[in-house]
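One line per chain: the protein sequences are A and B, in this order.
Counting from 1, position 51 in the first sequence corresponds to residue 51 in the numbering used here; the numbering is continuous, with no gaps.
Counting from 1, position 80 in the second sequence corresponds to residue 80 in the numbering used here; the numbering is continuous, with no gaps.
Simulated from the structure, these hints should not be mistaken for lab results.
Treat each hint with caution, since some may be false.
Label pairs and their in silico Cβ distance ranges [unchecked claim]: (1) A:Phe227 - B:Asp90: 33 to 43 Å; (2) B:Gln164 - A:Leu21: 32 to 42 Å; (3) B:Gly22 - A:Ile208: 41 to 51 Å; (4) A:Phe35 - B:Arg243: 58 to 68 Å; (5) B:Asp57 - A:Lys199: 21 to 31 Å; (6) B:Asn171 - A:Ala267: 39 to 49 Å; (7) A:Ser324 - B:Gln73: 39 to 49 Å; (8) B:Lys91 - A:Arg350: 19 to 29 Å; (9) B:Asp198 - A:Ala267: 40 to 50 Å; (10) A:Phe32 - B:Ser126: 16 to 26 Å; (11) A:Phe286 - B:Asp57: 51 to 61 Å; (12) A:Ile275 - B:Asp198: 53 to 63 Å; (13) A:Ile208 - B:Gly125: 20 to 30 Å; (14) B:Ser126 - A:Leu36: 21 to 31 Å.
Don't be surprised by glycine CBs; every beta carbon is placed ideally from N, CA and C.
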Amino acid sequence: MSTGAHRGTHPPLIELMLARLREFVREPEALFWMFLFPIVLSVAMAIAFPSGAGQAVRVGVIAGPHTDALRKTLAGSKDIVVRELSPDDQMRALRNGDVHVIVTGGNPPTYRFDPTREESKLAQLVVDDVLKRAAGRTEPWQAHEDLIQVPGSRYVDWLIPGIISLGIMNNGLWSIGFMTVQARLRKLLKRLAASPMQKRDFLMAPIIARLAFLGPEVAVPLVFGWFAFSMPIRGGIVSIAIVSIVGALMWGAVGMLMGSRARTFEAASGLMNLISVPMWVLSGVFFSSSNFPDVVQPFIQALPLTALIDAMRGVILEGSTLVSIWHELAIMAAWTVVPFAVALKIFRWR
Amino acid sequence: MELAVRCQNLQKRYGDVVAVDGLSFEVRRGECYGLLGPNGAGKTTTIEILEGLLAPDGGDVEVLGRRWKTDEQELRQRLGVQLQETQFTDKLTVEETIRLFRSFYHRGKTIDELLGLVELEGKRGSWVVKLSGGQKQRLSIACALAGDPDLLFLDEPTTGLDPQSRRQLWNVLTRFRESGGTVLLTTHYMDEAQTLCDRVAIVDHGHVIAEDTPKALIASLGAPKVVVHEGTLEDVFMSLTGRHLREA
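Use the sequences and the hints to build the structure in full.
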């Protein structure tokens, strides 16, 4: 019987990583979602932020014979889309954002809108301008408009690095957290704990294995943004890759911590939602985190998703070097090492 | 004779429930030793303490002359373990699963030898999810044998298997015994204990109520009042506790 050095296998860490990758690619649904998610999101963005002209404002007019003139006047403006509403529908349409403002006829007309919505305030101004001009207002002068649109400073440019970071977070948290809980439920963890496997190897393997899918995960929305929106990619590929890798390792470690004790999928998803959902809001994925008061800024800046998004925006939009984002990289390193060490310490193998 | 397992006055409780209550026994090198008893008798708790998966509340455990506290890594390399209810990853193949476990051990058999040993050569490329219950259990044994262990722990290895699968698994164990291995198994099948075990401890309510060779235990019943069949370990258990083994 053979003994000794001829194990006929790779080292345990590699075998664990291979097992993880095989398991993953044999789960077609997981693969499908992982790559479909950024594409769907990017397409949604392309529809929501068409390049070129700004969006028209949507104005509601209550149906009726006496509103014909009003409708005609409004429809004459290229900045306005008119929607005819029944009186019963108007509040619902306003609430859902189907229309930004509702105009009821008369002299003077009435504008019904929610002043806390930016788009409603804008719509009200646009409508007011058009109606007053139609009523015979004379303009004191016509200003010259100098229209510029700089790639890199538009909302969509700002959004894409945030979406990429969000994807890295979600995939790391959920895939690793759930895999761990599944292995626990199947009593596989207990069996592994009874073998001479190094526990550290088991925790490291899925975190490292995840990097295999990181390339396409980051590249798909990036290339899409570049093609569809001419989004600038100012930083080097290496810097973007390193930020992505550090981010993926970090979220893998956090995901491992989330899965380190949970005995059910419900408990694990509760934990993961608890930590990730606030970050969707706080870390500035969809709107700038500078909207929050100064008192909470140090806390927000220390969050793992904030660090990843800031670093990602830095390298993609501003061409930051790794040296200039050392602060974010340091925060991410801390969010990698500490959760990993805690996970290893408190991991439940039964 | 050198001992593979020495366990003295073992104690383990879960809250108010006493699972193991002063359990003692010894397993010699090269023998197959069975812990026989009904569900809930404390067999699994006992074997998991011996496997170093649970810490006892009291008592003394030595495995292969070593202790878990000081020699865990060495012990893990020298033991083979099959647990109840382990479900291996569905979408890995038999070969990949064995390869993974083999990678944890410094020494041991080749993947091909392990596949041959458990008669799964024909299934090497099949996903675990496609295997029958008996094949899954043999895969589990192959993983337990990956490091060429000196001592093999088996916790109810044939529970839920059909008769043919049980016999196949017994053959695997017999081959392991013939190559000099020691086996400690738990079971609640008396025929399994009778077929495989050199010595048996009958466990009830967390301690050993009788221990001997299956033959001697059956002989100890004395002359049966009405001879309807040959004595079995089931009869031994009944005469000791007044209950049926499978119903207890």
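Against the structure, the hints:
1. A hinted range of 33 to 43 Å for the beta carbons of Phe227 (chain A) and Asp90 (chain B) is consistent with their spacing of about 39 Å.
2. A hinted range of 32 to 42 Å for the beta carbons of Gln164 (chain B) and Leu21 (chain A) is consistent with their spacing of about 36 Å.
3. Gly22 (chain B) and Ile208 (chain A) have their C-beta atoms about 47 Å apart, which keeps the hinted 41 to 51 Å range intact.
4. As the Cβ distance of Phe35 (chain A) to Arg243 (chain B) is approximately 59 Å, the hint placing it in 58 to 68 Å holds.
5. At about 24 Å, the beta-carbon gap between Asp57 (chain B) and Lys199 (chain A) stays in the expected band of 21 to 31 Å.
6. At roughly 43 Å, the beta-carbon separation of Asn171 (chain B) and Ala267 (chain A) lies within the given 39 to 49 Å, and the hint holds.
7. In this structure the supplied range 39 to 49 Å holds for Ser324 (chain A) paired with Gln73 (chain B), their Cβ-Cβ distance being about 45 Å.
8. Between Lys91 (chain B) and Arg350 (chain A), the C-beta spacing of about 24 Å keeps the proposed range 19 to 29 Å intact.
9. The supplied range of 40 to 50 Å is met by Asp198 (chain B) and Ala267 (chain A), whose beta-carbon atoms lie about 45 Å from each other.
10. In this structure the supplied range 16 to 26 Å holds for Phe32 (chain A) paired with Ser126 (chain B), their Cβ-Cβ distance being about 24 Å.
11. Hint check: Phe286 (chain A) to Asp57 (chain B), Cβ distance near 54 Å, so the stated range 51 to 61 Å holds.
12. About 55 Å separates the C-beta atoms of Ile275 (chain A) and Asp198 (chain B), a value consistent with the hinted range of 53 to 63 Å.
13. In this structure the supplied range 20 to 30 Å holds for Ile208 (chain A) paired with Gly125 (chain B), their Cβ-Cβ distance being about 26 Å.
14. Here the CB-CB span from Ser126 (chain B) to Leu36 (chain A) is close to 30 Å, well matched to the stated 21 to 31 Å.
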